[in-house]
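Visitor: Protein chains in written order, with my numbering: chain A, 1 to 276; chain B, 277 to 880.
Source of the hints: derived by calculation from the structure; they are not laboratory data. Cβ coordinates follow ideal geometry from the N, Cα and C atoms, glycine included. Careful: at least some of the hints might be erroneous.
[Claimed, not checked] A few chain B residues that face chain A, going by a derived Cβ cut-off under 10 Å, partial list only:
#: 1; residue: 445
#: 2; residue: 509
#: 3; residue: 601
#: 4; residue: 618
#: 5; residue: 622
#: 6; residue: 647
#: 7; residue: 669
#: 8; residue: 672
#: 9; residue: 689
#: 10; residue: 770
#: 11; residue: 772
#: 12; residue: 774
#: 13; residue: 775
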Amino acid sequence: MHTIVDRQELTKRDLISLTLEAPQIARKIRPGQFVVLRVNDTGERVPLTVAYRDAANGTVTIIFQVVGKSTAMLASLGVGDAIKDLCGPLGKAEHIEKIGTVVGIGGGSGIAVLHHLLTGHREAGNHIIGVVGARQKDLLILEDEMRALCDELIVTTDDGSYGVHGKVTDALAALVERHEHIDRVIAVGPLIMMRAVTEMTRIYGLPTEVSLNPIMVDGTGMCGGCRCSVGGETKFACVDGPHFDAFKVDFDELIQRNSMYGRDERLSLLTSIKAR
Amino acid sequence: MTGMDHELETLAQQGDLASFCPHCHAALNLYDENTKRIWVGLDVEVGDVACDLLVNPRLEEFERVCSSCWTGDAVATDVLCPHCHASLIEAEGLCDECESRVFTIDVSLRTRVAPLSCCTRAECHWHGVPKRTRAKILAGAPRQKKPEQDPKLRVRNFQEVSYGYDSELAVAEASRCLQCKKPTCVDGCPVGVDIPGFVGLVAAGDFAGAARRIREKNALPAICGRVCPQDDQCERECLLGNKGEPLAVGALERFAADFERETDQVTLPPRAAKTGCRVAVVGSGPAGLIMAADMAGKGHSVTIFEALHSPGGVLVYGIPEFRLPKAIVEAETGNLRHLGVKFELNSIVGKLYGLTELFDLGFDAVYVATGAGLPGFMGLPGENLCNVVSANEYLTRVNLMKAYLFPEYDTPAPLGTRVAVVGGGNVAMDCARTALRMGAREVSIVYRRTRAEMPAREEEIEHAEQEGLRFEYLTSPIAYEGDEQGWVREMRCVRMKLGEPDDSGRRRPVPLLKSDFMIDVDMVVVAVGAGPNRALFEDARGLERTERGYIRTFSDSGRTSVPKVWAGGDIVTGAATVILAMGAARKAADDMHEFLSDGAAAWS
């Protein structure tokens, strides 16, 4: 059992941050790695990338968007409640070294993961430019934390309610137009966003890395549910990733594969609402 | 005492036996007005003298009354049926006690008739089934069938297919055992269970005693009774199999273990005095569980590290509920907890702890049994289409995550109406039969060799056939084709023929030219074997591996290149069977115990 020691609602709607007691995981986990959790005995195994860790206090923080039954259940828990299972750290840690200028692009709950990754790159002495996007102002998360971490932060909103009016790709284009020297781009967010960023950086020839979030069951390399085509080879995101060279990833296949249980997810949510 | 004797005794205590002539089948029981008792009436000849013989059919007081001639040392020269006058003297059977000749009548044992012999020497009161005839009778006696759920019913539920023996069937089957002096069946058992010993106890009605006898060598009898490939091991060595069908060792093992559990008579072997040594076991599958049981029994303190949220490894994620109910695995792991074994769930060695970090945590020895859980794919075009899943994913979703109870449980499983399962092992059978139970209308097994080469247990293949699976033998997929949304719709296959034998001794399948054809599918399960689990190797410096990625061992007992680290089970051998993993763990446990007991032992 892992007790919740802190809970924050990051947006009015559905982005929640939970801090869980997990001393050994907190000691071991590195930026980019994830955990698999299970709320209760009948629950799914849910993979979530860790946003912060506090080794001294023995806690890890996960930030997630409420999208289905499992995340809704997770969101309904409060401080002092406990979740049944927490397993990690999983996945490969991000390879971090001093390379120069790193542009981190984040969307939705991906900003939380990006924050963890950029913290590592910052500590390695890199120049950090952040680009974070949201549909509208009140859906943007971690702005203050990102501002504190980045040498420069660009915020975009789809509706223009805050920051630059447009998508993260527009902001990226502007950066490149400004003749900014960029050594690496890291994109974390919805697959559609990562695909759009990749299409653009491919044209500019900017090395790009993405953090994938496919469907998985065990998260330890045993089911192959998270397999994705990377450079024509089948990789397991849980053990080979979740970070991959964006130019090699077959996004279209992954988008299709991620829709595989859409009908079941709706049924699960519907049944749980009816049961209330 | 053998089973049949025992059964006779039990029955005799309940009342008189009905007796019959083995030749004319006439009833031999007579009611004697004077003594108000029932007797078996026979004619006896001693030398030239002939007279009536009355035998008391209440066996516990087996009396014989002869008018005058047959007393003392006299040996009856003949015993005849009073109806057909046929001789009842056995040609071969001899009295177990005085080796005189015996005569035989038939008695009824509830539902069947059994031969009962009596000594022909008046003073000797031996009766029963003579050893010599027993061997002959038993070889011809049919193997008792396990009652099973009707195939039409069971393909719609996840309840266990086989109900197992009841006590009557178990005793009848156990009585077939020849009780060989040099039991070859034991040689066929990787953990050396005393098979004649426990079968004899079943025959004698001491079912809990039988289970205790098995537990001396095998801590997981209820599991092995269900999933061991007995047809390739103990039962293949059984002498009864030379002339008829071998003894159903597996079914008897299961019966004894189930009886013990259901009647709350589980007696764990005694624990030795505490040694103070701490053993870490990585992985809670069959090898890990046996290692833990053995080492705990030898007095060591054992902790099992398990990556998943439930202990049992392949027993919980892989083998379906209808073949191995999870409650049984829970009961067996519960027994280990009673032995003092600790389980650290959700703990991946290689990730949460490094392999050698375990020594820093105070462990004195480590056993690595992480298994072969990496799903194999064939690398075919279209393999990443939606609804093409690995056997591991499918089984894990349905078994471990209980997707068959979706949406009561939150994890869904892929669904299909026309499902193809690629492969011919137990895992393929499990996937195909699971798909039927999940509502598929048509399920095909696509296997590149023929039925004879299928590695699955014979019982599983038979069950699969009964349940109406289609078998596409000598067939192999070469590509999957999908619709616009990326869902699999067709499978392109080729026909094969069998060529020369390969390294494994099985004939190598060779594709036939221009034999392409399509199979309509909307779901495919790929069950073509598995590779080594990878998580451990992320933090296991110095641990040498083979070219295929399994752990290299340097002794029979599974010593690895890292001092004080042993390995066994599928992570050393590649995907094999539950019992082989257990056999390896037993050897490793003995070696580890010796190593830990001898403070100055060298590693290599």
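Visitor: Each hint needs a verdict: does it hold in this structure or not?
Guide: Status of each hint after checking the structure:
1. Annotation: interface hint on residue 445 of chain B violated; nearest CB of chain A at approximately 37 Å, more than 10 Å.
2. Against a cut-off of 10 Å between C-beta atoms, the interface hint on residue 509 of chain B is violated, since the closest Cβ of chain A lies about 27 Å away.
3. The beta carbon of residue 601 of chain B is not positioned within 10 Å of any beta carbon in chain A (closest approach about 17 Å), and the interface hint is therefore violated.
4. Interface hint status for residue 618 of chain B: violated, as the beta-carbon distance to the closest one in chain A is roughly 15 Å, over 10 Å.
5. Hint on residue 622 of chain B holds. Least Cβ distance to chain A is approximately 4 Å, under the 10 Å limit.
6. The beta carbon of residue 647 of chain B comes within 9 Å of a beta carbon in chain A, closer than 10 Å, and the hint placing it at the interface holds.
7. The beta carbon of residue 669 of chain B comes within 4 Å of a beta carbon in chain A, closer than 10 Å, and the hint placing it at the interface holds.
8. A distance limit of 10 Å between C-beta atoms decides the matter here; for residue 672 of chain B the minimum to chain A is near 5 Å, and the interface restraint holds.
9. Hint status for residue 689 of chain B relative to chain A: holds, with the closest Cβ pair at about 8 Å, below 10 Å.
10. Taking 10 Å as the C-beta cut-off, the interface hint given for residue 770 of chain B is violated, the closest approach to chain A being about 22 Å.
11. Annotation: interface hint on residue 772 of chain B violated; nearest CB of chain A at approximately 24 Å, more than 10 Å.
12. The interface hint given for residue 774 of chain B is violated, since its Cβ lies 30 Å from the closest Cβ of chain A, which is over the 10 Å cut-off.
13. The interface hint given for residue 775 of chain B is violated, since its Cβ lies 29 Å from the closest Cβ of chain A, which is over the 10 Å cut-off.
Violated hints for the displayed structure, listed by number in ascending order: 1, 2, 3, 4, 10, 11, 12 and 13.
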